[in-house]
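S.K.: Whole structure, please, built from the sequences with the hints as guidance.
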Amino acid sequence: MRILVPVLSQKDASDAFVSEAVKGVSVVHLLLVLDSNSLHADFGFKANEILNARKTVEALKKEVKARRKLCNDIIEWGNTIEKIAQIAEMKQVKKIVLHNAEKNPHFDQMQIALQRHTQIPVEII
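Counting in this note's numbering, the sequence shown runs from 1 upward without gaps.
Any given hint could turn out to be false.
List of simulated lysine-lysine pairs, DSS-like, C-alpha gap at most 30 Å [what the hints assert, rightly or not]:
| hint | residue 1 | residue 2 |
| --- | --- | --- |
| 1 | 55 | 11 |
| 2 | 91 | 61 |
| 3 | 65 | 91 |
| 4 | 62 | 103 |
| 5 | 94 | 61 |
| 6 | 11 | 103 |
| 7 | 94 | 69 |
| 8 | 103 | 69 |
| 9 | 11 | 83 |
| 10 | 55 | 65 |
So the derived label-pair ranges between C-beta atoms look like this [to be verified]:
| hint | residue 1 | residue 2 | range |
| --- | --- | --- | --- |
| 11 | 35 | 108 | 16 to 22 Å |
| 12 | 23 | 62 | 14 to 20 Å |
| 13 | 68 | 116 | 18 to 24 Å |
| 14 | 109 | 68 | 30 to 36 Å |
| 15 | 89 | 37 | 29 to 35 Å |
| 16 | 26 | 89 | 14 to 20 Å |
| 17 | 48 | 89 | 19 to 25 Å |
| 18 | 103 | 67 | 23 to 29 Å |
Quick caveat, the hints were computed from the structure, so don't treat them as lab data.
Note that beta-carbon positions come from the ideal geometry of N, C-alpha and C, so glycine has one too.
M.R.: Take a look at the structure:
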């Protein structure tokens with residue numbers, strides 16, 4: 001089974017999340033969406049955020065590979081919700097897995113928005 005894991009925060013690289021997300025999975029696609037509408041600071045801050053996001057993707061990739069799963073990472077520019085839906089459909093994944101480390105109600109809204117853009121199930125861990 002193939003899944004898509006959008007990288008949304010630095011907490012996504014946690015052991016607990018990776019362990020739960022990759023159960024029964026053969027291929028993990030990590031997606032980092034660089035959404036200029038969500039970055040509200042000057043250029044230096046944006047560059048720093050991109051660097052931190054990239055480090056998170058690399059840490060997450062290392063965790064997934066340590067569990068002997070095939071893993072690749074994708075970086076896209078654009079609207080976060082739209083890109084997640086597009087890449088999920090393009091890669092023909094069975095589900096989209098989001099990490100809700102802080103039990104943020106925003107994830108419920110994100111799940112609803114994603115379901116409007118794709119028929120692929122969205123799981124929040």
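S.K.: Could you check the hint for me, namely that residue 23 and residue 62 are 14 to 20 Å apart, CB to CB?
M.R.: holds (18 Å)
S.K.: Is 30 to 36 Å a correct range for the gap between the Cβ atoms of residue 109 and residue 68?
M.R.: Holds - the Cβ-Cβ distance for residue 109 and residue 68, about 35 Å, lies within 30 to 36 Å.
S.K.: Given the hinted pair residue 91 and residue 61, is their alpha-carbon gap at most 30 Å?
M.R.: holds (17 Å)
S.K.: For residue 11 and residue 103, compute the direct alpha-carbon distance and say whether it is at most 30 Å.
M.R.: Between residue 11 and residue 103 the Cα gap is close to 12 Å, so the pair holds against 30 Å.
S.K.: Could you say whether the range 29 to 35 Å given as a hint is met by the Cβ separation of residue 89 and residue 37?
M.R.: violated (22 Å)
S.K.: Should the hint that residue 103 and residue 67 are 23 to 29 Å apart at their CB atoms be regarded as holding?
M.R.: holds (25 Å)
S.K.: When you check the alpha-carbon spacing of residue 11 and residue 83, does it fall within 30 Å?
M.R.: Judged against 30 Å, a Cα distance of about 21 Å means the pair holds.
S.K.: Measure nothing beyond the straight line between the CA atoms of residue 55 and residue 11; if it is 30 Å or shorter, mark the hint as holding.
M.R.: Since the Cα atoms of residue 55 and residue 11 sit roughly 11 Å apart, the hinted pair holds (cutoff 30 Å).
S.K.: If you draw a straight line from the CA of residue 65 to the CA of residue 91, is it 30 Å or shorter?
M.R.: Answer holds: residue 65 to residue 91 is near 19 Å, not above 30 Å.
S.K.: Hey, residue 94 versus residue 61, does the alpha-carbon distance stay inside 30 Å?
M.R.: holds (19 Å)
S.K.: Lying within 19 to 25 Å: is that true of the beta-carbon distance residue 48 to residue 89?
M.R.: For residue 89 against residue 48, whose Cβ atoms are near 32 Å apart, the range 19 to 25 Å is violated.
S.K.: Taking 16 to 22 Å as the stated bounds, is the beta-carbon spacing between residue 35 and residue 108 within them?
M.R.: At roughly 19 Å between Cβ atoms, residue 108 and residue 35 fall inside 16 to 22 Å, so the hint holds.
Taken one by one, the earlier hints fail for this structure at numbers 13, 15 and 17, listed in ascending order.
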